[in-house]
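Residue strings, one per chain:
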Amino acid sequence: MSERAAKVTQADEEEQADDQITDSAAPDAAQEIDAESESETTPEPVTSGAEAVVRALENAGVEHAFGVQGGAIMPVYDALYDSDIYHVTMAHEQGAAHAADAYGIVSGKPGICLATSGPGATNLVTGLADADMDSDPLVALTGQVPTEFVGNDAFQETDTTGVTTPVTKNNTFASDSDRVGNDVSEAFALASEGRPGPTLVDLPKDITNGETDREPDAPAVPDTYEVQERADEELVDAAAERLENSNRPVMLLGGGVIKGEASEACREFAIEHEIPVITTMPGLGAFPEDHELSLEMAGMHGTGYANMAITHCDTLIGIGTRFDDRLTGGIETFAPDAELIHVDIDPAEISKNIHADYPLVGDAETVVEQLAAAVDESPEATKWRAQCQQWKSDYSMAYDAPEDEPVQPEFVVEALDEATDDDTIVTTGVGQHQMWACQYWTFTEPRTWVSSHGLGTMGYGLPAAIGARIAADDDQDVVCIDGDGSFLMTMQGLSVAVRENLDITVAVLNNEYIGMVRQWQDAFFEGRHSASDYHWMPEFDKLAEAFGAAGFRIDDYDEVADTIEDALAYDGPSVIDVHIDPEANVFPMVPSGGDNGQFALTEDQL
Amino acid sequence: MKRGLEGPPPEDRPTPAGRRNKQGIRIDPEVEATHEPRRTVISALVEHEPGVLSDVSGLFSRRQFNIESLTVGPTKDEDRARITVVVEEPDPGIDQIKKQLRKLVPVISVRELEPDAMQRELALIKVDADDPAQVHAVADMYDATTVDSSPETATFEITGARKKIEAAVETFGQFGIREISRTGTTALARGTEETAAPVSATESAADEANHDEPYQTADDD
Ligand SMILES: Cc1ncc(C[n+]2csc(CCOP(=O)(O)OP(=O)(O)O)c2C)c(N)n1
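The listed protein sequences derive, respectively, from chains A and B. Once you know that position 263 of the first sequence is 263 in the numbering used here, the rest is easy, because the numbers rise by one and skip nothing. Once you know that position 213 of the second sequence is 819 in the numbering used here, the rest is easy, because the numbers rise by one and skip nothing.
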């Protein structure tokens with residue numbers, strides 16, 4: 001009922017708008033032609049809130065958006081119809097949010113997603129929460145019922161700003177057609193300024209349908225939002241002195257290094273002062289894992305050597321990391337001897353989980369450069385580096401792959417890595433496969449690892465691959481390493497990949513289990529596999545074909561290399577159903593809340 | 607049984623000597639240094655716009671900060687409101703509250719008030735008035751104003767520091783209290799000092815660096 005009423009008003013308004021145009025254009029035909037040729041360079045003035053919304057996106061340089069249509073968002077889609085912004089219609093709004101999130105990670109600019117009111121908006125929530133936990137820049141635009149119906153439980157009404165407040169960096173309920181363009185500009189600016197994150201603008205239909213000639217301003221954050229770029233010089237000097245006097249220094253690079261474009265500065269700093277480097281999971285790619293200073297990833301499923309180094313260091317330079325519990329294990333035993341130099345753009349991250357002895361608030365790149373300028377002498381750490389190398393060989397990430405046993409997942413990850421270039425983008429779902437991807441793919445470049453870290457959202461992999469593919473360079477490969485359970489959650493996105501002919505290779509590491517759960521049940525619940533065996537898995541290669549994608553299957557080692565090659569060569573979406581050893585488990589492992597230095601290498605060490 | 611990776615087992619690995627407490631602070635191996643909760647007043651100047659109170663209160667409940675009271679009201683500038691929150695938390699928690707509040711876009715400034723700040727609360731107390739003379743004597747003792755009376759009841763308005771109100775409530779208790787309504791604490795800094803002047807991120811980080819200094823416990827009047 002309400003929707004129909006709104007449609008009628010919309011039609012009326014359009015008629016009126018038409019009248020106005022004819023009236024003013026009629027007197028002089030020559031003028032009309034002038035106006036037309038001019039419109040090639042200067043865009044038409046906005047006439048509605050919806051057009052202002054789209055204009056704000058255009059002003060911000062937005063080229064792509066992901067979303068699903070619906071009643072309350074229709075005016076915005078109608079305005080998009082005339083825009084050069086390329087809209088990717090997704091199969092589910094959760095996919096739209098993940099695709100936009102991945103787009104943001106790969107491109108460094110906020111990804112845009114759109115959804116209608118009610119169910120459209122609630123379907124975005126998982127993706128917003130995911131982006132919020134990982135500080136990914138994203139802008140969500142949601143339709144809302146007309147203002148006069150808000151609060152009355154109208155058809156498809158949800159209190160979207162209420163629902164999304166805990167999972168967005170900021171959200172706004174648009175209440176004025178003259179302001180709505182600026183609401184969107186501001187949301188765009190806020191998504192990437194300072195610590196990035198998702199922002200949302202809720203757009204009641206009467207506001208987007210409403211008349212306005214207000215052109216939105218260029219993106220700018222509100223005055224109350226202040227970001228500190230440079231760290232306090234005295235603290236920088238003190239931190240530099242501490243580092244010079246340390247004997248067991250370690251750098252810990254988090255996702256903030258990648259988001260703050262500080263990878264290059266960190267690399268130079270680490271290499272100049274020969275400081276061993278560890279990354280967090282979101283920090284993969286911040287430092288080349290094939291460099292001898294790299295100890296790779298620390299944390300629950302980090303390498304043994306990274307966890308030994310983090311446990312025994314005397315100075316820890318944490319940059320752009322929030323010291324998540326999957327990284328730290330038990331707080332009491334995390335880097336217990338270390339003084340912490342903590343670099344972060346968000347003051348609230350300082351001493352939130354681990355007390356920072358040297359809090360350096362500021363932009364990661366700027367602060368690392370400040371620190372580089374303040375450090376005169378490299379720390380004397382020859383013995384420490386030798387110790388780290390020793391740990392590297394003691395706890396090397398090796399695995400056995402006997403020919404007569406089922407295919408080991410590590411082998412598949414390594415084969416995919418070998419078959420692709422260094423700049424290949426990897427996306428994943430959540431579970432064991434994600435951990436094997438972290439452990440056995442050699443990351444060397446920032447913005448090539450796209451995964452759900454903080455929220456741990458199964459189903460992230462495929463929609464993320466879609467967003468990543470659209471943001472990536474044409475000659476960059478996009479590979480999704482997925483789990484059978486994760487893939488099932490959002491595989492309707494294959495229809496999108498087929499329609500858009502996106503060149504994506506999905507390798508489903510199929511163990512017919514929701515494996516990570518099975519692993520924990522084996523370790524902590526006496527092997528009682530409650531609801532974790534998925535012996536009714538579909539044949540993913542055939543499913544892919546049903547969608548119009550290319551399907552492949554791997555059962556044995558001798559098929560691995562060739563099949564991967566064929567799937568990568570296929571120009572369009574392809575899915576490899578890789579039947580791996582269903583019993584394979586992820587090690588090393590620090591049980592949750594445990595001591596990082598006491599990681600288990602086998603089941604019986606847990 | 608699955609095979610695993612190679613390397614010395616946990617019991618053969620060295621363990622470091624240091625330790626941290628539950629708040630992630632490095633401690634002397636011999637001394638347990640945990641911060642005890644203390645009561646304090648935080649004042650925030652915010653944009654007077656819809657949703658800001660729910661943003662603030664939502665932040666507190668989401669992050670499990672222990673609120674004692676939260677009040678809000680307009681300021682001399684009609685575009686701004688002041689939120690006064692009384693909390694009881696250990697020092698690292700109080701620091702987090704301030705920093706998390708500052709992150710909210712409509713929040714202009716946040717400050718923890720000195721223990722000597724002026725802190726006031728208003729209470730309405732409705733008691734049985736079987737013995738009016740006695741009741742009024744108690745009311746006089748606490749400077750309470752009579753705002754309503756009936757043959758059976760008397761209702762008083764009291765303003766003052768939390769302790770005074772608590773004492774009044776207790777004393778009135780002897781007559782039988784029918785109902786109480788309290789506003790929670792509102793507060794302003796003393797003298798020329800601004801209650802919630804903008805604090806730069808540098809200052810807040812420096813704040814942080816000195817957070818081992820002993821604090822006085824906030825105490826109203
Ligand atoms: C949306 C969602 N639901 C549930 C979980 C809990 N969970 C974490 S890992 C996991 C198993 C994942 O299974 P699969 O995708 O098959 O990957 P595998 O571990 O087998 O590699 C589950 C259920 C989650 N992370 N996300």
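It should be emphasised that the hints constitute simulated quantities derived from the structure, not laboratory data. Given the structure is predicted, the values throughout are model-derived calculations rather than measurements. One or more hints might be untrue.
Which bits of chain A does chain B cover? Going by a derived footprint, with three or more residues having C-beta under 8 angstroms, they are [what the hints assert, rightly or not]:
| no. | segment |
| --- | --- |
| 1 | 304-314 |
| 2 | 395-407 |
| 3 | 505-511 |
Note that beta-carbon positions come from the ideal geometry of N, C-alpha and C, so glycine has one too.
Against the structure, the hints:
1. 304-314: holds (count 4)
2. 395-407: holds (count 6)
3. 505-511: It is violated, with 0 qualifying residues against the three required.
Consistency note: the structure conflicts with earlier hint 3 alone.
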